[in-house]
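There are 2 protein chains.
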Amino acid sequence: MNQSKNTKEHILDVSLKLFSEKTYYGASIRDIAKAIDKRESSIYNHFKSKEEIFEQLILKFSSRNFGPLILTDQLINIISKPEKFFILLSENLIHFWNSEEERMFIKILLAKNSNGESKKYYSIENYLNDFKALSEFIFREMISHKFIKKMDVVVLSQEFISPLFLAAIELILGLKSETIQKSLIKNHVEFFWNSVKK
Amino acid sequence: MNQSKNTKEHILDVSLKLFSEKTYYGASIRDIAKAIDKRESSIYNHFKSKEEIFEQLILKFSSRNFGPLILTDQLINIISKPEKFFILLSENLIHFWNSEEERMFIKILLAKNSNGESKKYYSIENYLNDFKALSEFIFREMISHKFIKKMDVVVLSQEFISPLFLAAIELILGLKSETIQKSLIKNHVEFFWNSVKK
DNA sequence: CCAGTTTATGAACGAACGTTAATATAAGGA
DNA sequence: TCCTTATATTAACGTTCGTTCATAAACTGG
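Line order of the protein sequences matches chains X and Y. FYI, in our numbering the residues of the first sequence are 1 to 198. FYI, in our numbering the residues of the second sequence are 1 to 198.
By construction, these hints were calculated from the structure, which means they are not laboratory data. It is possible that part of the hints are untrue.
What the hints assert, rightly or not - No farther apart than 27 Å at their CA atoms in a straight line, the calculated lysine-lysine pairs in the BS3-like style are these:
hint, chain 1, residue 1, chain 2, residue 2
1, X, K197, Y, K186
2, Y, K149, X, K50
3, X, K198, Y, K17
4, Y, K186, X, K132
5, X, K22, X, K34
6, Y, K198, X, K198
7, Y, K149, X, K182
8, X, K81, X, K22
9, X, K22, Y, K22
10, Y, K22, Y, K60
11, Y, K17, Y, K84
Every value quoted in this text rests on a predicted model; they were computed, and no experiment measured them.
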């Protein structure tokens, strides 16, 4: 996309796309080089191996702070109206997960084993935990302000996040259209809200 | 495993393992041949290409009937005690998804794009729909017998299945131990039951 | 403008890839 | 037993793989 940005970032950008489309073994160094319009040998001026490209890609995405993208000001303003809040929160999450870049990253996480040697890697479990932590924080706040019933925030997070994230996975790996998600969100929040309202 | 079974089945068996561990591009015909202790050329007496092995593998697994494995007699016997029923149903599902063979198949589905040319393929969405259909059937029965509140069975299925299947995915792709799942099931069923009991 | 560093190129390496062909062996029915 | 068919092997094909190397071009600070 942005040709003028530094080459290392550019390589990571196209690698995200290629690894997500063809998996690690299916995307070659030559594919990556072609995508940035250079020869494959020049890649090695920026990364010592294909494996290192992958590692740095995961590292880059695993060390973001997406909190402000989900917990928008608009959202925080309506925390006292939990049902509306849950709807908007769900929309923010689905919108984030379904953004072009995030789809690609999630695809890579889903295709990646935590098998053997790569145990050190960031996995889909770590990814989900970041979102669960965010939503646990939200539920703790809501409970302390008595907006919802007093319940275990871990359970609340799991019950709130799971149907949304699984729908996102189906959206990412399948052919489901995004419009279907509107009613899914509505139904899910309705069900959830009935279980947590005071 | 079973050396004496016919070679075609044997090839599919080891391909399931290899494709799930190293993805489609990472597992070679020579890997597969080595795993059945034959030369790579003899594979082509049974399949016309690597792609065909993959296709038949997906076909084989997508045309099973797992219903009786989930809906056991023991389970059906306690349908009038919904909370107990949900616990056992959850355990059956997690046990099934976490079996060695099923872990491998799910890994393959998760690593597989429904991108472009492969739209025809069975995807994780189809897989999940099979389980949702099963659980919709269960909820319809429960509602008609007035064991639970009258609600949309699609919503019930989604809310019941999602946290369980997502936990299974974490179990399969991550390093989570199976013991953690016991409390997850308990918490999930408790939350769910509180929302659907009459 | 020059020296030093960074980045790009072109060519090559050994290995592995999917697949094919010719041929040998094993199995099964007449 | 012989003939046919199914399955195996060995060898090779053209490609692509990840990576290296010598060298050339581009950039950067003094």
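Here is what the structure says about each hint:
no., hint, result
1, K197(X) x K186(Y), "holds, 21 Å"
2, K149(Y) x K50(X), "violated, 55 Å"
3, K198(X) x K17(Y), "violated, 49 Å"
4, K186(Y) x K132(X), "holds, 19 Å"
5, K22(X) x K34(X), "holds, 15 Å"
6, K198(Y) x K198(X), "holds, 18 Å"
7, K149(Y) x K182(X), "holds, 24 Å"
8, K81(X) x K22(X), "violated, 44 Å"
9, K22(X) x K22(Y), "holds, 12 Å"
10, K22(Y) x K60(Y), "holds, 20 Å"
11, K17(Y) x K84(Y), "violated, 35 Å"
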